[in-house]
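Starting from the structure of chain W, add chain V where the hints point.
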Amino acid sequence: MSPTRKRINRLPFLQWLAIETGLIVVLSLAWYTESRLAGYSAFVGGLIYVIPNAYFAHRMYRFEGARNAHLVVGNMFRAETVKLALTAVFFAAVFILMEPVHVPALLFTFAVMVALSPLLRWFIRPQPQR
Amino acid sequence: MEMVFIAAALIIGLGALGAGIGFGLLGGKLLESTARQPELGNQLQTKAFIMAGLLDAVPMIGVGIAMYLIFVVAG
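Quick mapping for you: the protein sequence lines, in order, are chains W and V. Per UniProt numbering, residue 1 is the first one in the first sequence, and the count goes up by one each step. Per UniProt numbering, residue 1 is the first one in the second sequence, and the count goes up by one each step.
Rather than coming from a laboratory, the hints here were simulated on the basis of the structure. Every residue, glycine too, gets a C-beta built ideally from N, C-alpha and C. Honestly, I wouldn't trust all of these hints.
Stated by the list, open to error - Covered stretches of chain V, as calculated for chain W (at least 3 residues, CB under 8 Å):
(1) 56-64
(2) 67-73
Claimed, not checked - Listing some non-contacts, in silico: residues in chain V with all C-beta distances to chain W over 12 Å:
(3) 1
(4) 3
(5) 5
(6) 6
(7) 7
(8) 10
(9) 32
Only chain V is shown next, with the shape it has when bound in the complex:
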């Protein structure tokens, strides 16, 4: 049973790590490119918004599976 909790912790932890790195890079590049070309600021924001959707897809599904493991499989 403990292995289920370890698996859920790994899924959430690694997902959060990946999302954190990805959002850090995305936010950094957004600031950089907006500083370089301020007139494109709103277009870049829209592109960052689309990329954010791609970026958080895997952590979101991971959260769902981890909650299933914690509350249904182990519960």
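Excised from the complex, chain W in its bound form:
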């Protein structure tokens, strides 16, 4: 039996992306007061979090419903693996290719985004489709 792909939840992807991007811009502007490099590094640090996280959310909600629970869990494991790998690759690419880089700004923005993301998911949850 092929799994059904009927959508049950409405994913607030655009809302999440807009709020996360707004947060990155605010943090980048805050770091920009120290130096231009710090602002740029903070923006890149935020993007390193947002891109793998968007992939994770997309992959986790590929299947929905009790009938597809095994596919949901399988996709969750794969999405988490890819998310961690993408994060490592992005960090490595930034540290190798981006010269110079303001490391405190980069890591601080990344850590703030990581800490705030579950709160964002909690306050703006996927809503059941009517």
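Okay, now just chain V, sitting in the frame of chain W:
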């Protein structure tokens, strides 16, 4: 210098171990509870999604610090 690589390996390895155990428990409980109450399947999936964000916070930051150690401190 070797100690830096050992530190990075420990950060990534222990982070991956913790995330693996946590996701195993989370996925197992999601399957269990969905089998018990199938009508709550989509709500449980949303809750698992929120918990996944909390669960992978520390390994994600660990990956960032480990990459910094490997490519900036040791590099």
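We went through each hint and held it up to the structure:
Counting residues of the segment 56-64 of chain V whose beta carbon lies closer than 8 Å to any beta carbon of chain W gives 7, which reaches the threshold of three, so the coverage claim holds. Look at the segment 67-73 of chain V against chain W: 5 of its residues bring a Cβ nearer than 8 Å to a Cβ of that chain, three or more, so the hint holds. Even its closest Cβ contact with chain W, about 17 Å, leaves residue 1 of chain V beyond 12 Å, as expected for a residue assigned away from the interface. Every C-beta of chain W lies more than 12 Å from that of residue 3 of chain V, the closest at about 19 Å, which supports listing it as non-interface.
Every CB of chain W lies more than 12 Å from the CB of residue 5 of chain V, the least distance being 14 Å, so the non-interface label holds. For residue 6 of chain V, the shortest C-beta to C-beta distance to chain W comes to about 17 Å, beyond the 12 Å cut-off, and the non-interface label holds. With 12 Å as the threshold on Cβ separation, the claim that residue 7 of chain V sits away from chain W holds: the shortest Cβ distance comes to roughly 16 Å. At the 12 Å boundary, the C-beta of residue 10 of chain V stays outside the reach of chain W, the nearest C-beta of that chain being 15 Å off.
Non-interface call for residue 32 of chain V relative to chain W: violated, since the shortest CB-CB distance, roughly 10 Å, does not exceed 12 Å.
Checked against the numbered hints above, the structure violates only hint 9.
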